[in-house]
Amino acid sequence: MRNVINLQMKLGEKDIGAIELDPKSRDDIPQILRGLQYIYTEQAVRERVFEILKELLPNRIVGEGKADPNNGRPGMTQWTILVFGVLRLALNIDYDRLQE
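The sequence shown runs 1 to 100 under the UniProt record's numbering.
Please note that the accuracy of each hint is not assured.
[Unchecked claim] Derived pair list, reagent style DMTMM-like, types lysine to aspartate or glutamate, alpha-carbon separation capped at 20 Å:
| id | residue 1 | residue 2 |
| --- | --- | --- |
| 1 | Lys10 | Asp28 |
| 2 | Lys66 | Glu51 |
| 3 | Lys10 | Glu20 |
| 4 | Lys10 | Asp27 |
| 5 | Lys14 | Glu42 |
| 6 | Lys66 | Glu55 |
| 7 | Lys10 | Asp22 |
By construction, these hints were calculated from the structure, which means they are not laboratory data.
Sequences are here, hints too, so could you generate the full structure?
This is the structure:
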């Protein structure tokens, strides 16, 4: 299943809007995360972004057309992929640094 975001939180998981980021931090990661947090907490913006994410489906490896959104292995949500992609491209980093 390709989900935009999991609505059911896991035990111990914190809501994205409740995460406190240091406003005085000079690092670039909290600034980017603050922007993503704004997208998530503003309902009108979030709904529009989620609509766009629902439309983005990869092409099938075998055959023609887009992949079926109802099939697939559960894994990362499209929101998680968006966050990782934004961080990687905005910071111009590789996946090793992103993992840390």
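Just pull the numbers of the violated hints for me, sorted ascending.
1, 4, 7
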